[in-house]
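Construct all of the structure, not just a fragment, from the sequences and the given hints.
Chain by chain, the residues run as shown.
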Amino acid sequence: MKKLITFTVNDKEYEVAVAPNRTLTQALRDDLNLLGTKEGCGVGDCGACTVIMDGKPVNSCLVLAVQADGSTIKTIEGVARDDSLHPVQETFVEMGAIQCGFCTPGMILSATSLLEKTPHPTEQEVRQALSGNLCRCTGYQKIVEAVQEASRRMKG
Amino acid sequence: MLLLPKFDYEEPRSLPEALAMLSELEGNGKVIAGGTDLLVNMKKGTVAPAFLVSLKKVEGLREIAGQRGGFAIGSHVTVSEIADSDHVGSAFPVLARAASCLGSPLIRNRATIGGNIVTARPAADLPPALIALGAELELKGKDKDRTIALDGFFTGPGSSVMASSEVLTRIIIPSAPPFTGADYIKLGHRAALEIAIVAVASRLTLDKPDGVIVDARVILSSVAPTAIHAVSAEKALTGQRPSEDLFAKAASIAVNDCSPITDMRGGAGYRRDMVNTLVKRTLLRAFNDARDMKGGNA
Amino acid sequence: MKAYNVINTRLPRVDARAKATGEARYAADLSMSGMLYGAMLQSPLAHAKILNIDTSAAKKLPGVRDVVTWKEAGLVKYGVSPARYDEQVFCSDKVRYVGDEVASVAAIDLETAMEAVSLIKVDYEELPVLLDIGSAMAEGAIAIHEDFPGNVSAEVHQEFGNFEEALKECHIVRTDTFTNKRQDGGFLEPQACLARYDLNGNLTLWSSTQSVHYVQRSVAMVLGIPVGKVRVVKPYVGGGFGPKAAVNAMELAACLMSKRTGKPVKMVFSREQVFLHSRARHQFTHELTTGVKKDGTIFALRNVCHLDGGAYSSFGIATIYYAGSLLGAPYKLPNMKYDGYRIYTNKPTCGAQRGHGGVAARAGWEQQLDVIAAELNMDPVEFRLKNMMQTGDVTCNDFNMSSLGMKECLEGVRDGSNWGAKKGKLPKGKGIGVACGFFVSGAGYPIYRSETFHSTATIRLTEDGGGVNLYTAAAEIGQGSDTILGQIAAEALGVSLDDVRVHSGDTDFGVDLGAYSSRQTLMSGHAVKMAAEDTKRKVLEALSEQLNVPVEDMDIARGVIVFKKDRPDFSRLRTLYIKEHRGWADQPSGAELTFREAARVAFITRGVIIGNGAYKPGELGGKYKGAAVGTSPAYGCSAQVVEVTVDTETGKVTIDAMTDAHDCGFAINRTNVEGQMQGSLSMGVGEALFEEVRFDAKGRVLNASLGEYRIPTMLDMPNVKTIIIESDEPNGPFGAKEVGEGAIMPTIPAILNAIYDAVGVRINELPITSERLFAAMKEKQKK
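Protein chains in written order, with the numbering used here: chain A, 1 to 156; chain B, 1 to 298; chain C, 1 to 783.
Among the clues, some could well be false.
Unchecked claim - Looking from chain B toward chain C, a few residues come up when the C-beta cut is under 10 Å (computed): (1) L3; (2) L187; (3) E194.
Claimed, not checked - Heads up, incomplete: computed chain C residues facing chain A, CB under 8 Å, no partners named: (4) A16; (5) R17; (6) Q158; (7) P235; (8) Y236; (9) P446; (10) S450; (11) S705; (12) N719.
As the list claims (entries may be wrong) - Listed next, the in silico EDC-like pairs over lysine to aspartate or glutamate satisfying Cα-Cα at most 20 Å (straight line): (13) C:K263 / C:E287; (14) A:K3 / B:E11; (15) B:K6 / A:D69.
Since the hints were made in silico from the structure, they are not lab data. For each residue, glycine too, the CB sits at the ideal point set by N, CA and C.
Here is the structure:
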């Protein structure tokens with residue numbers, strides 16, 4: 001039997017009827033048509049499905065949609081503000097932190113979340129915070145450099 | 001898209017309601033908290049509970065409260081809250097350290113201390129430290145409540161003395177005596193997203209900074225069906241003057257206390273060798289912390 | 001080197017913004033109205049006869065629209081190389097590995113499709129299961145494929161020079177056996193596709209693929225649809241690394257069911273299915289015998305290789321050749337003997353993965369060379385420099401090193417890592433190691449025998465505004481080909497990258513063999529450059545008529561027409577342009593005639609301006625059997641120095657630093673080249689330290705997850721100091737050649753050599769888990 005849930009996604013309130021076994025990934029992608037959140041494994045091993053839920057980055061594949069009732073969610077679609085990219089998005093684009101792009105939404109969300117808590121992270125802190133997001137293409141280095149450059153730009 | 005099997009989902013509004021529900025479900029219901037273990041197993045098809053009960057609306061499960069020099073931690077406190085808590089970090093650094101080893105930051109933001117206990121996984125990250133700290137569990141049932149030691153809670157991989165109709169509400173950590181130090185080391189392949197090949201939590205209490213060991217706890221994990229005490233090692237340490245030689249000796253004795261298997265993550269022989277290394281290293285660190293700690297710190 | 005306007009820069013990728021905002025659409029993101037969801041029935045047994053398939057219950061399930069088996073799919077055999085077409089969409093007589101496809105279902109939603117799959121009843125008769133080379137090659141072992149008794153899927157024997165004779169002149173002769181493990185591509189995006197067979201009988205397949213061309217041909221051949229009615233389109237792809245370079249049964253099943261139902265059909269692999277499909281790196285066992293003269297000259301090599309191929313051939317027929325041909329270079333080696341055997345086993349099929357057959361061979365050989373250097377009391381870098389090939393040299397197996405910056409790479413990493421100050425001077429437990437490698441810049445021949453062009457490209461100028469539309473079937477899979485092809489087009493035409501729109505990965509746009517064998521920068525790049533030059537010529541010809549200036553006295557650069565002699569009076573053309581654009585705010589002005597205006601003039605006088613390019617390599621390579629595999633118009637090469645710390649009490653290896661120098665001929669995009677270097681190295685680190693696919697006694701994959709198949713996390717991968725060497729490849733567009741696969745070659749051996757330097761232990765079996773290294777150190781201590 002479906003349950004009616006209400007949640008705020010990217011500052012917009014939604015009311016959706018979901019089956020109990022629907023994950024948050026499925027609800028975002030199939031019910032809200034927010035396709036930027038990806039499924040890489042479905043079991044929390046890769047981080048491609050990362051969203052910010054009530055201020056914390058989580059694997060949305062391991063959250064039931066019904067558990068997100070009353071929550072505030074941010075997906076990759078909610079990172080840019082009014083047509084201008086977030087500094088993290090800008091540095092990712094400029095500095096080669098994006099290759100195939102499949103890990104990118106999750107990476108960017110983990111990174112923006114980190115910078116909110118730790119505005120000037122060390123390299124080790126960046127690597128630690130993003131350690132749940134796998135990337136097979138970049139070798140991570142340009143991602144780390146982009147996050148650190150974004151933190152510098154956000155200083156001023 | 002990896003699908004979950006079908007199930008019914010309830011959000012009882014109070015603990016009595018939850019307990020009544022679980023009792024009525026007679027084992028067909030499971031509590032879902034962080035879901036980082038339960039949902040994975042449901043997707044893989046190893047479990048298929050007909051009902052999932054969320055305690056989201058139940059109060060009193062989400063605080064870290066000081067209590068008689070120790071802590072009472074709500075079962076639904078997340079692992080990252082524990083890892084990031086200054087209170088926990090300064091009073092019981094071994095617990096914060098264990099918490100920061102679990103999975104990944106994303107997993108830690110959902111996984112709960114309660115879940116990491118009740119799932120009874122032999123390689124779970126929090127139980128070794130909690131056992132070393134002498135943690136107790138507050139279990140509530142429809143008709144009866146009980147508080148039991150975590151030590152002895154686990155009966156085998158995935159099983160414990162907890163009934164399916166009980167709810168773990170709080171984890172009580174007693175205050176530590178002065179000159180107590182503890183450490184946790186997890187050996188995995190990669191630096192994140194790992195389940196331990198071997199892990200060890202050790203705790204030492206001295207009678208004075210340059211005195212003898214009055215209490216020794218060495219907890220081994222992933223080398224037996226449950227986390228266990230390295231009983232002979234603990235015996236070899238108690239009453240002795242700490243030294244690197246003593247720790248090395250205790251570590252090699254600890255090897256005989258465990259019965260590791262060979263599985264995908266490691267061989268039995270290697271695990272035994274790593275018990276040796278990890279016991280030695282955790283004892284050394286625990287000792288160094290104990291020496292410096294006047295007010296109980298573990 | 002010449003100064004360029006668009007290439008050799010660090011321009012951001014053309015698709016980066018779409019990826020950074022979540023707008024990029026991958027195959028699993030696609031949907032169409034009326035779409036059905038497909039699910040696959042795969043064999044639970046590693047080897048069994050199929051006695052009966054009963055789909056009746058599945059067909060009856062409400063919501064099911066189609067159920068297909070070999071009866072509907074037919075028995076047309078396919079694969080990668082026509083010499084080894086040994087696959088069918090669905091198994092008919094038997095299943096050959098756990099995961100072999102038996103049937104598929106299309107239904108109104110995924111849950112129904114999967115439930116229907118569970119209702120299909122298959123009666124199997126189990127057969128003996130062969131899970132390793134030894135059992136598969138044993139006397140009397142059952143044949144996994146009837147046509148291949150003895151289970152030898154492919155066999156290669158080559159000799160260049162005379163190995164036995166050469167040994168007589170060698171002071172040191174050493175034999176070592178080295179083995180890696182079966183890997184997985186580990187790309188983040190599981191395969192997915194959407195097939196739509198429309199009312200006019202035209203089939204469009206959107207798929208996460210590395211080669212729309214190969215998939216198109218396979219779909220047409222297997223399903224009996226004319227090639228002209230099959231269109232394959234690649235949406236954004238989340239990495240490929242080799243396993244996505246050929247058609248898979250899911251794509252064929254989706255196409256078949258769409259044809260039969262008249263509805264679009266979408267199918268997506270789960271992560272577990274990615275592992276069952278595999279088509280990734282084989283397990284290689286190399287027995288290497290190397291002979292070196294007293295003065296340190298490498299003189300002879302005998303390489304015997306056994307591949308555990310899995311149940312079908314896939315790219316394996318090429319792998320078994322590469323496993324031999326990719327040794328020798330970059331060192332001068334006149335005598336090389338190779339015997340290779342690829343063996344069928346009842347496990348998922350192995351194919352091509354980054355570096356293809358060269359990675360394991362390289363790892364074993366570069367470690368062995370270090371052992372030999374030590375015996376000669378020579379520094380490993382000096383030993384390599386002494387034997388290094390030079391630009392213009394040809395290998396004993398006829399590979400022409402038309403450009404080879406190997407010396408510069410080796411000196412670059414030696415100096416960049418401060419080798420001299422560290423080698424032999426690090427404390428116990430810390431070590432430094434070096435290795436070299438090289439790779440083809442595109443396979444010299446297509447995987448099917450053909451005279452086809454390898455890449456075509458078309459440029460179509462917009463009729464107004466000077467916009468440039470580039471059409472190519474090349475596959476952007478994350479390596480950055482869309483960007484560099486756009487840059488090449490812009491540079492060759494004389495405009496900016498912003499003026500170019502790249503349309504790629506669609507068989508409607510032409511022929512391109514796709515993203516494999518590290519070919520697109522050189523081959524697709526050539527075609528694009530030709531198309532751009534053709535376009536430029538047409539525009540200049542039109543201008544020439546109007547301005548009465550010879551074509552050779554004009555050029556286009558930075559978006560304006562360059563007049564090499566006196567600038568003519570072009571005011572008539574400008575006036576015409578301005579008149580046509582009354583109301584526009586940004587009318588052309590200034591002293592220069594803009595490309596915008598020139599393109600408009602060209603259209604008005606000649607019609608739509610289309611430039612074409614088509615590339616195929618010239619005559620390449622030797623005349624011996626197998627010469628086709630490994631021969632290439634150019635070869636990228638690299639050197640690497642790795643520094644490690646070994647925890648002697650646990651066996652854990654920490655990579656402290658990596659210095660990598662890669663000769664890519666000429667960097668079209670410097671950021672992209674660095675990114676490919678760093679990414680290759682991270683895959684090499686994973687394969688060296690963590691990665692292996694494991695099986696149980698019944699042939700089931702034990703670790704079909706990214707939790708238990710371990711690719712490096714951000715905490716496992718160090719920073720890489722990258723050095724780009726540009727040797728200016730004469731056969732490459734603007735001098736460019738490959739970087740995508742070659743960079744991985746030295747990684748594993750550099751790590752192995754660093755570990756030896758740290759703790760004095762040689763490891764001849766990958767991965768170098770802490771357990772394996774600990775055991776080796778323990779063993780050494782006993783001696």
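Hints breached by this structure: Those not satisfied are hints 6, 7, 9, 10, 13.
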